[in-house]
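**Student:** Chain by chain, the residues:
Number of protein chains: 2
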Amino acid sequence: MSLKIVVIGGVATGPKAAARARRLLPDAQITIIEQDSWFSYGSCGLPLYLGGLVPELAGLTKTSAGIVRDANYFLQEKDVVIRGRTKAVSIDREKKEVLLEVVDGGKDIVAYDYLVLATGSRPVKLLVPGNDLPGIYNMHHPEDAAKLQKQMRQKIEDIVIVGGGLIGLELVDALHGRKRNITVVEKEKQLLSGLFDPEMASLVKRHLERHKVKVICGQSLTGFSGHEKLEQVLTEKCTLPAEAAVVAVGVRPMVDLAEDAGLYLGPTGAIAVDSQLRTSDTSIFAGGDCIENTHIVTGKPTYVPLASTANKHGRVIGSNIAGMGETFPGVLGTTVLKALDLNIGRAGLTETEALKEGYEVVTALISGHDTAHYYPLSADAIIKLVVNKEEGTLIGAQVLGTGEVIKRLDVLAAAITFKANVEQISGLDLGYAPAFASPIDTAIHAANVLSNKLNGLAVGMSPGEFADKLLSFGDYMVLDVRQEEETTDTPVDDQRVKTIPLGQLRTRIDELPADREILTLCQLGTRSYEAAVILQAHGFNKVKFVEGGLLAVNYGG
Amino acid sequence: MSLKIVVIGGVATGPKAAARARRLLPDAQITIIEQDSWFSYGSCGLPLYLGGLVPELAGLTKTSAGIVRDANYFLQEKDVVIRGRTKAVSIDREKKEVLLEVVDGGKDIVAYDYLVLATGSRPVKLLVPGNDLPGIYNMHHPEDAAKLQKQMRQKIEDIVIVGGGLIGLELVDALHGRKRNITVVEKEKQLLSGLFDPEMASLVKRHLERHKVKVICGQSLTGFSGHEKLEQVLTEKCTLPAEAAVVAVGVRPMVDLAEDAGLYLGPTGAIAVDSQLRTSDTSIFAGGDCIENTHIVTGKPTYVPLASTANKHGRVIGSNIAGMGETFPGVLGTTVLKALDLNIGRAGLTETEALKEGYEVVTALISGHDTAHYYPLSADAIIKLVVNKEEGTLIGAQVLGTGEVIKRLDVLAAAITFKANVEQISGLDLGYAPAFASPIDTAIHAANVLSNKLNGLAVGMSPGEFADKLLSFGDYMVLDVRQEEETTDTPVDDQRVKTIPLGQLRTRIDELPADREILTLCQLGTRSYEAAVILQAHGFNKVKFVEGGLLAVNYGG
Numbered sequence: 028m029s030l031k032i033v034v035i036g037g038v039a040t041g042p043k044a045a046a047r048a049r050r051l052l053p054d055a056q057i058t059i060i061e062q063d064s065w066f067s068y069g070s071c072g073l074p075l076y077l078g079g080l081v082p083e084l085a086g087l088t089k090t091s092a093g094i095v096r097d098a099n100y101f102l103q104e105k106d107v108v109i110r111g112r113t114k115a116v117s118i119d120r121e122k123k124e125v126l127l128e129v130v131d132g133g134k135d136i137v138a139y140d141y142l143v144l145a146t147g148s149r150p151v152k153l154l155v156p157g158n159d160l161p162g163i164y165n166m167h168h169p170e171d172a173a174k175l176q177k178q179m180r181q182k183i184e185d186i187v188i189v190g191g192g193l194i195g196l197e198l199v200d201a202l203h204g205r206k207r208n209i210t211v212v213e214k215e216k217q218l219l220s221g222l223f224d225p226e227m228a229s230l231v232k233r234h235l236e237r238h239k240v241k242v243i244c245g246q247s248l249t250g251f252s253g254h255e256k257l258e259q260v261l262t263e264k265c266t267l268p269a270e271a272a273v274v275a276v277g278v279r280p281m282v283d284l285a286e287d288a289g290l291y292l293g294p295t296g297a298i299a300v301d302s303q304l305r306t307s308d309t310s311i312f313a314g315g316d317c318i319e320n321t322h323i324v325t326g327k328p329t330y331v332p333l334a335s336t337a338n339k340h341g342r343v344i345g346s347n348i349a350g351m352g353e354t355f356p357g358v359l360g361t362t363v364l365k366a367l368d369l370n371i372g373r374a375g376l377t378e379t380e381a382l383k384e385g386y387e388v389v390t391a392l393i394s395g396h397d398t399a400h401y402y403p404l405s406a407d408a409i410i411k412l413v414v415n416k417e418e419g420t421l422i423g424a425q426v427l428g429t430g431e432v433i434k435r436l437d438v439l440a441a442a443i444t445f446k447a448n449v450e451q452i453s454g455l456d457l458g459y460a461p462a463f464a465s466p467i468d469t470a471i472h473a474a475n476v477l478s479n480k481l482n483g484l485a486v487g488m489s490p491g492e493f494a495d496k497l498l499s500f501g502d503y504m505v506l507d508v509r510q511e512e513e514t515t516d517t518p519v520d521d522q523r524v525k526t527i528p529l530g531q532l533r534t535r536i537d538e539l540p541a542d543r544e545i546l547t548l549c550q551l552g553t554r555s556y557e558a559a560v561i562l563q564a565h566g567f568n569k570v571k572f573v574e575g576g577l578l579a580v581n582y583g584g
Numbered sequence: 028m029s030l031k032i033v034v035i036g037g038v039a040t041g042p043k044a045a046a047r048a049r050r051l052l053p054d055a056q057i058t059i060i061e062q063d064s065w066f067s068y069g070s071c072g073l074p075l076y077l078g079g080l081v082p083e084l085a086g087l088t089k090t091s092a093g094i095v096r097d098a099n100y101f102l103q104e105k106d107v108v109i110r111g112r113t114k115a116v117s118i119d120r121e122k123k124e125v126l127l128e129v130v131d132g133g134k135d136i137v138a139y140d141y142l143v144l145a146t147g148s149r150p151v152k153l154l155v156p157g158n159d160l161p162g163i164y165n166m167h168h169p170e171d172a173a174k175l176q177k178q179m180r181q182k183i184e185d186i187v188i189v190g191g192g193l194i195g196l197e198l199v200d201a202l203h204g205r206k207r208n209i210t211v212v213e214k215e216k217q218l219l220s221g222l223f224d225p226e227m228a229s230l231v232k233r234h235l236e237r238h239k240v241k242v243i244c245g246q247s248l249t250g251f252s253g254h255e256k257l258e259q260v261l262t263e264k265c266t267l268p269a270e271a272a273v274v275a276v277g278v279r280p281m282v283d284l285a286e287d288a289g290l291y292l293g294p295t296g297a298i299a300v301d302s303q304l305r306t307s308d309t310s311i312f313a314g315g316d317c318i319e320n321t322h323i324v325t326g327k328p329t330y331v332p333l334a335s336t337a338n339k340h341g342r343v344i345g346s347n348i349a350g351m352g353e354t355f356p357g358v359l360g361t362t363v364l365k366a367l368d369l370n371i372g373r374a375g376l377t378e379t380e381a382l383k384e385g386y387e388v389v390t391a392l393i394s395g396h397d398t399a400h401y402y403p404l405s406a407d408a409i410i411k412l413v414v415n416k417e418e419g420t421l422i423g424a425q426v427l428g429t430g431e432v433i434k435r436l437d438v439l440a441a442a443i444t445f446k447a448n449v450e451q452i453s454g455l456d457l458g459y460a461p462a463f464a465s466p467i468d469t470a471i472h473a474a475n476v477l478s479n480k481l482n483g484l485a486v487g488m489s490p491g492e493f494a495d496k497l498l499s500f501g502d503y504m505v506l507d508v509r510q511e512e513e514t515t516d517t518p519v520d521d522q523r524v525k526t527i528p529l530g531q532l533r534t535r536i537d538e539l540p541a542d543r544e545i546l547t548l549c550q551l552g553t554r555s556y557e558a559a560v561i562l563q564a565h566g567f568n569k570v571k572f573v574e575g576g577l578l579a580v581n582y583g584g
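Which chain is which? The protein sequence lines are A and B, in order.
Its first residue numbered 28, the first sequence is counted upward by one per residue in the working numbering.
Its first residue numbered 28, the second sequence is counted upward by one per residue in the working numbering.
Errors might be hidden in some of the hints.
What the hints assert, rightly or not - Dumping the calculated DSSO-like pairs for lysine-lysine here, alpha-carbon to alpha-carbon at most 27 angstroms:
# : chain 1 : residue 1 : chain 2 : residue 2
1 : A       : K525      : B       : K89
2 : A       : K446      : B       : K416
3 : B       : K365      : A       : K365
Don't read these hints as lab results, they were simulated from the structure.
Predicted model only: the values in this text are computed from it and were never measured.
Sequences are here, hints too, so could you generate the full structure?
**Tutor:** As structure tokens, this is what we get:
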């Protein structure tokens, strides 16, 4: 008798697990159950479709050789039966059977030796008045994109995106550039809440605003209104005109089937699995958006549903059905996105998360160039590192910039995974040529700055704190050490600012008050660091340098 | 008495060491001795200047804030005296003095507590007839670029680049695109000898040739000829017309001063230093192109002169003069370059090097996309991994492609540094969004393929071996499993080729000879892997899949 493998879910983890199992177990009977008629699609590509970068939705279901991954493809290329429009209703774990309900009518039972749950997630629905008006969309399923696209082909002047997280900002990117007004409404006080620290998120907000996107943070949605179709989106404080709204306020794991079958859920509400991705029933594996993962830094359960993780899960599950004993190492919550030419990414813990988890941390925020600064295509890069102070190891990284910052994020994600300390990162032999990096790569520069802070060589102030401080009344001096032409070109308008170019600082040091707090400032945060060191050497002991410089204080400004 | 620090060499390591020492030791007297009048320039930018991407050479000596790093800059910003056009003639280690000779006349003596040797390297000169004819250039110093540029502004129809290594190919990139014929002459049988394995180097060669660059490998230069100026470059087998030639056949460390002072040189001929970059005299540090480094994989001395390493050296030296006890971890020989839109990089050991070092290795070569394949800006990526078979750890990576492959190289360089095994690389939580990667990043895909090979799931054949095999007479069959439209579009012209699209393989398997060697082939190497697995499951036991597929066999073809 050949092994019977039943996979519930036909998008990412499911097909991957099935394909891997097939290659390892040529004689197994493998069946995928999928309630939808769309299989194996790249749902992360939906914003690209909306933005016109992917001409048709079918493109998202094709292999790189242009073959549509339909039932025929699965049967012929993978020797896997996929049963579409078929819902798995319940699992009988004793009999090892799944009860099926075919959408077009009829019931069926399928038996398994191994069952794979890849039931995915569903978008959170906002329980507010008017939430069923036409013109309100999710962005989870290809049909969501198709419907919105259809409405967009008629005229839409005002569109509201509810939720300023990953999907919300990808939608900004997709919908921008056409002649319409986009407003993002986010209930938290910042964009990318839970993903970015406030000071980094505020730079993203400024970037969007500069591109004429309206961003409203700290206001909950209270309802939708309109006569037969959406006309207005209502928040606590304002009424926004909107012919269309996309709700992207997160997803929840689809766990009903698992829960009804008595499988354990974890503290996040998703299905709990062991390191080999087995559920509490050893004949049942689970992966993708319906399970929780172990966070590599904290060792705690975390819910981070992403396609990259789902694909890894599928491979591990396929291997383990074949008895290979592979483990899934967990996740760093690595998240990257593109929003209006701004590349954004994070991995590990933010400072906010790290403090909440009880770590004592040291951080550094730097501004720099993604290539040699004289390379004509050079673009900006801002990096924030979070280090476990006790152990000196990197536990988090956040990056943003119009430059190639995602490269640095991936390197830093590897460094976090391998528990690298700051000195090890400073010493990494990364690729250098002017087109690809500075001789001192920005990631290494960030580690160097962190090392300086750990060694107490200078005291930094985050650009966010500095921006706040500029708005307050305090008895301090800002020492702008940029060149005269820079300060003329982009002055910092504040009476507390004194400008002395770095090259004149040593000779003009008597002009500075020894007893007053001095915040040194430059464009990128390197000259201001140097100025702080010089002042300290001259006995000034209330000096801080503004990390990341004006670029980070006033990103894109 | 303040500490006296003397630094010999004013380009990369020297100024960096001086600046770092200044920040840590505000009272030290710091002097840089530089025989030239150019300081602190980005010599890696010379090809960019030639290519018109950097408008003037002075741009290479400016900080990112536009300040020229001249003697005044060093004095005012860094409180460092730089003495240009001053040659360090000898070191008296007992008296701790350096004898100086000023180019404009006069001698001087400077005393030190700590001496830093950052004497750099000089280009290897070819000892062949005619090597002093006008029209023959090096590419090491800004003046070299200035002179070549001057000649180029008159007309040059034919230019020969002698040396197909890093600098040679950067020059191809710089000089291409103008109306002239470029020929590269390389004495080894491949380009990038010592940096790339032959099969990867052959793809670079094909890329250059497709862009009408003539590449001659395996021929030594025998001389230059011409009447008062260069007219021809002569190799063993041919005579090449050339109004200009650039000789880029490597550099040698400048060690005369160190050697004369009795400091130890290492087996590579460069100055030997300990992990804190001290020479055999504890008062003398050395860094940059004049020293040898420890290879992180082999633990052996290696000579890899690069600006990124030189800058790291400078920082470590500055720190250690201040007593911080920092170590420099060594290098991976990470090298990246851009040649006609092809991004190229390597880190760790090539297969060739690894075998020479006595490692038993397993390799994998994959082709893929740098983004989701449906992303419109998607470009190709080819990665070769070299793994220590005994330990399963990554020891080398080579990448090339028009896509963002340098990101993957940097991640893999970090993985090599942290002694990651293949499973750990497969599990890395790298950033995924369609604009930045496939759900399974190409670096992870490469690790997965390597894992499959380590586990004996299929036997691969490298694309280079396959290309050779196609040229031989052998009793084997090539099974092309691409779609019909692909095989029609780009057929593999060979009588031994049989085409069965992967989706038909299971039903048409009887058409295949069970006793014959079968090489499965597709576009990227994934379907051919799947085909090999299917055939094996059906009892075929002489099957290999062509790694990296036709893309790697026939790059850019």
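**Student:** To test your reading of the hints: which numbers does this structure violate?
**Tutor:** Violated hints: none at all, because every hint is consistent with the structure.
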